[in-house]
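Engineer: Two chains, two frames, some hints: make the complex.
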Amino acid sequence: MFVGIDLGSRTVKMAVWDGERLVDHKIVESGFEPHRQAEKMVAGVKASVIIATGYGRHLAAEYFADHVITEIKAHGLGIYHQFPDCTTIVDVGGQDSKVIALNARGKVSNFQMNDKCAAGTGRFLEIMAGSLAYDLAEFGQAALKADKEVPINSMCTVFAESEVISMKNRGVPREHIARAVHASVADRLSGMLARLGYGEEIAFSGGVARNPCMVQMLQEKLPETRMIVPELPDLTGAWGAALHGANY
Amino acid sequence: MSNFEIKAYPEMWQSLDIDVERFDKMRIMLGELYEKTFLSQENRPAAMVYFDNMVAELHGGRIKELLAAKEDGRPVIGTFCVYIPEEMVLAAGGICVGLCGGSQGSIPDAEKILPRNICSMVKSAFGFKDGRICPYFQAVDFVYGETTCDAKKKTWELLDQMVPTYVMEIPQCKKPRDIALWLEEVKDFKAKVEEVAGKTISADDLAGAIQIMNNKRRVLQRLNALRHHKPCPISGKDGLLVEQIAFFDEPVRFTEKVGELCDELEERIQKNVAVPAKNATRVMIAGTPMALPNWKIHNLVEGAGAVIVNEESCVGTRYFKDLIAENVSDMDDMLAALTDRYKEIDCSCFTPNDERLDQVIREFHESKAQGIINYSLQFCHTYNIEEIRIRQACEKEGIPYMFIESDYSSEDMGQLQTRIEAFLEQIGE
Numbered sequence: 177m178f179v180g181i182d183l184g185s186r187t188v189k190m191a192v193w194d195g196e197r198l199v200d201h202k203i204v205e206s207g208f209e210p211h212r213q214a215e216k217m218v219a220g221v222k223a224s225v226i227i228a229t230g231y232g233r234h235l236a237a238e239y240f241a242d243h244v245i246t247e248i249k250a251h252g253l254g255i256y257h258q259f260p261d262c263t264t265i266v267d268v269g270g271q272d273s274k275v276i277a278l279n280a281r282g283k284v285s286n287f288q289m290n291d292k293c294a295a296g297t298g299r300f301l302e303i304m305a306g307s308l309a310y311d312l313a314e315f316g317q318a319a320l321k322a323d324k325e326v327p328i329n330s331m332c333t334v335f336a337e338s339e340v341i342s343m344k345n346r347g348v349p350r351e352h353i354a355r356a357v358h359a360s361v362a363d364r365l366s367g368m369l370a371r372l373g374y375g376e377e378i379a380f381s382g383g384v385a386r387n388p389c390m391v392q393m394l395q396e397k398l399p400e401t402r403m404i405v406p407e408l409p410d411l412t413g414a415w416g417a418a419l420h421g422a423n424y
Numbered sequence: 050m051s052n053f054e055i056k057a058y059p060e061m062w063q064s065l066d067i068d069v070e071r072f073d074k075m076r077i078m079l080g081e082l083y084e085k086t087f088l089s090q091e092n093r094p095a096a097m098v099y100f101d102n103m104v105a106e107l108h109g110g111r112i113k114e115l116l117a118a119k120e121d122g123r124p125v126i127g128t129f130c131v132y133i134p135e136e137m138v139l140a141a142g143g144i145c146v147g148l149c150g151g152s153q154g155s156i157p158d159a160e161k162i163l164p165r166n167i168c169s170m171v172k173s174a175f176g177f178k179d180g181r182i183c184p185y186f187q188a189v190d191f192v193y194g195e196t197t198c199d200a201k202k203k204t205w206e207l208l209d210q211m212v213p214t215y216v217m218e219i220p221q222c223k224k225p226r227d228i229a230l231w232l233e234e235v236k237d238f239k240a241k242v243e244e245v246a247g248k249t250i251s252a253d254d255l256a257g258a259i260q261i262m263n264n265k266r267r268v269l270q271r272l273n274a275l276r277h278h279k280p281c282p283i284s285g286k287d288g289l290l291v292e293q294i295a296f297f298d299e300p301v302r303f304t305e306k307v308g309e310l311c312d313e314l315e316e317r318i319q320k321n322v323a324v325p326a327k328n329a330t331r332v333m334i335a336g337t338p339m340a341l342p343n344w345k346i347h348n349l350v351e352g353a354g355a356v357i358v359n360e361e362s363c364v365g366t367r368y369f370k371d372l373i374a375e376n377v378s379d380m381d382d383m384l385a386a387l388t389d390r391y392k393e394i395d396c397s398c399f400t401p402n403d404e405r406l407d408q409v410i411r412e413f414h415e416s417k418a419q420g421i422i423n424y425s426l427q428f429c430h431t432y433n434i435e436e437i438r439i440r441q442a443c444e445k446e447g448i449p450y451m452f453i454e455s456d457y458s459s460e461d462m463g464q465l466q467t468r469i470e471a472f473l474e475q476i477g478e
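Note that the protein sequences, when read in sequence, are chains F and R.
Residues 177 to 424 in this note's numbering are what the first sequence lists, from first letter to last.
Residues 50 to 478 in this note's numbering are what the second sequence lists, from first letter to last.
Chain R on its own, in the form it takes in the complex (with noise of 0.2 Å):
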């Protein structure tokens, strides 16, 4: 336990012109905030050790695989979003990945270009690039950009003068003709794909690639249906974790060793094996997408003794709620499945988005919580706004109910703490 790090690949590092020195540093920190957050917990699934491995090889063994793809001509595509049609992407036997952007780290160096009041994400990962601190920043043949708000979608332009960066346009309403417009966007990011890729995507890949990717999300459904037990066989650290490190992993290898997870817990909950203590109280997180490494919450909520049993985020039921129909061949029909799929995603960035508000109280519901914190990163309005109706929502479904608005930082660690244990002794009275 003891052992735990980051593995160091500094020739590799050097090879990408990555900063390796401060790497070196930031790899050490990871690797100290890891074993600290998930080695120390006790009676953790024992296939959680692929996931442990995952991360110490994920600026690493992850990265080789990605650089040997490339040797093949394959093409690595870069994301922070959940919009993009990561099919395409495997149909064209491509590979996508998420970036970095998930620590305060990066956050200085975005400071000194971008305006402050912007969101931690698009701060953290602009900061990521422009310091030359991530593997996959550095690896990637491009990076996929949406126009799901204004930080990002004003960032790509400044981010395309660092690494080439594609923007898909995101309607933001879903009225036939936005549907319409979407489609064509489907379309134009498959152009996009096969040119990088130099192929051309038979309906047969796109077929297959939809394959892997509903079994994909399918595999992390059970999880997520495996949290809703009561008690919880594993905690919300390690689901928020295996959520997290799905943006990264080989699709095929990811579902095979979620599967894997899922059969122990499976087993677990027939032994009624809890982790934590049986009753623990359950708590459920909406809201914005908390990328790795951001644990904060989670650490917060599972340190006051209470355990997350479900993410309703992009990392999280956004990202695997949803499948796209299997019973279409023709390419035409399939794009349209596909971004039949897509809009369903009930991104804060549409409107209106009623669909949410009733995700968000199904979710509660199924995954027998007792209570919802909503978090949302400071600076991002339309989560920051839309939570106003979810509070609505929860108060008329008379649901213990609590909205954070928070950063990358740790200053606000005291308040939050409190808030968060008055939030549990408020649902336990």
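One chain only, chain F, in its complex shape (with noise of 0.2 Å):
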């Protein structure tokens, strides 16, 4: 079995592959010590190579990953082999969010990721969700119903946080307002992708592209492209790394 791990800012993900199928796979939250939830996670598993990807993946090579690959490969990796003829990825994590442009043979050629600000990533999003009493699960559907938008001129957290909470004592409907967290969101991706350039279809991967209002709302500003995103958006990094391993 080749194992791929994901240790990111929110969750673990596992992937398990036989060199043909995806037979296993578990999300969990990251909790304080990752590399020991990570662990745990594989521990089960008969791996004959276990490769480690995301924010911790070093830490994960020093207890008891094989070798790793950042998540920039590993998501290219999980896209290419899921949707071939798709050159460009959107992946919005937790901590960061990057845009990946992959050459024919599925080889990343070039790669935009945000700097230390949380703009633009799921924290963001996660943040301003908490400031109008969202569950995060609920946020997406509620934007996605609001008849209206008012603009969000931040994309900084801090100020966003401030304008929202201003826009809420001013009483604009919280789902404009939340709607409006979206649009600044689905403004930096477009920007990013307009920046690296992309295909006729992108894939949406990581955890936020369960959001549906994002996928939605990134679609409507790239009309000319057609969102694709995959069954288990957040496992795409872990299944990539798994595929690596088999070649590995």
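In short, the hints are calculated from the structure, not lab data.
Do not take every clue at face value.
To be verified - Below are the DSS-like pairs computed for lysine-lysine, each with C-alpha atoms no more than 25 Å apart in a straight line:
id	chain 1	residue 1	chain 2	residue 2
1	R	Lys417	F	Lys283
2	R	Lys327	R	Lys119
3	F	Lys324	F	Lys344
4	R	Lys445	R	Lys320
5	R	Lys327	R	Lys286
6	F	Lys283	R	Lys445
Predicted, not measured: the structure shown is a model, and the values here were computed from it.
Structural biologist: Next up, the structure:
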């Protein structure tokens, strides 16, 4: 069995690949010591090789993993396997957002990643959801239902939060604000895509791809492309790592 | 190896009005950082010992030399910029030294006064003076400032309240009338140095100084060419360190010691000794200066198993790629030749600055690099904007390219590590 383990900022993901099929997968909260969490997850698997990716990849390699690859390469492998014709990936995780360009052979040819600020990440959405008293799961749904959008000017998490608070206190309905928050992230992502260039199809991976409003708004911003969301978007990196293990 | 420390000189520091208690903590932290970053490297050239000792004595032995020179009436002038005509300082018998401005530790001091959204180098330097934690700042007769960016230019006015700060105007275009202005500024600087030194600079003095500085630049060019050898005989971290120490050491001694290092590297090349792995991915840096002890990018890149083979930077080739013509002896001709050399420095403060694009591509090919990381300090507008044209030039040439905008803090280390490793994976495929 080839095991890919993705130690992200919010969750640890594991994919088990037998060379032909995804035979098992798990997603659990990272907790305080993500490498211990990850070690427990792989403990029961008869692994011939374990490839770690994500923020905790080097720590995992210190403890149990055989090899590391970056999440950028891992997402490239994961998407290329599922959608071999797709050459553009948007990956929005807890801590960062990336756009990745693949060549025709599925190799990373270029990428962009946010720098140290949390703008345009899952963390940004989470903080804004909290500020509007939404559960993260209902945040996207609520934003989808909004019939109106108000502009948010700031992409900075700290400033955007003050902007949201002042809107709340002006009596702006919260679903309108929710929609505005999503729009600001979609703007950011479409900006990154424009800088990097994109193909006819864009695969949306990472946990934020499960937010329906995010997918729809990005699609609306880029009408000439088709957004594809994998069945298990947050598993893309772990799956890619497992696939790398099979060729390791 | 485990005994490395930056030597303490509390009495001398006291006499320089340094915040000794605080500075001593920084000394210990810097020593630990140095040991971890440099002394843990395997297979270093033996001649690097001299530079290790320079770091150990950077805030002690070298300061003693500066103070002794001052006793003899020789001026000590501090600077941050490669546009200072160092030859003039040497010709007057003086010493030109770099100033502290490369660490996060002094930035909170600066942010009490300066706006936050200016670059780390300016904030760090200002904070070092304000906090009285840089012996160089405490020892200099005056600081040489220039007009290469808005943040520096306006900060000089505030710095001048704490230490005399002389400002030389560096034009922003290179038309004949700009060069004429530049020459006048060089003459003014000469007069200023002569005034502080209490001596007139003769043509012979200047010719001698030009020779010394040309030799220093030649030896740095030689080191750079040796770093271009495949496989690389020295790490990028050590290469950068030598380039950083160039701003602090006595130039004749420094030239001799870098020469010895180069001799050793030539032997290594003959014996096919490489640092690090022979197949390590070769990366070139372009962009803003990395002032001592800013080793952040080199640490990450070389920590990921690659090697840095060239710095297209002020702490790098911009400092030493050009020489002053030595075939003139008349003072006016020498001043013109000197100005001619300094105008070749392709800082992004100039417009247009097309020669820098060509220079980056040339250095990429000469260094046999496999990719370019363009590094710019956050809020350094000219380098940040010029980045776009460097990127376009690299795309045109098909050169793997990545841009990093960062500062001295460590909060983006995780993201940077991922980006750098992904860039190396991309080159590897």
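Engineer: Determine which of the earlier numbered hints do not hold for this structure and return their numbers in increasing order.
Structural biologist: 2 and 4
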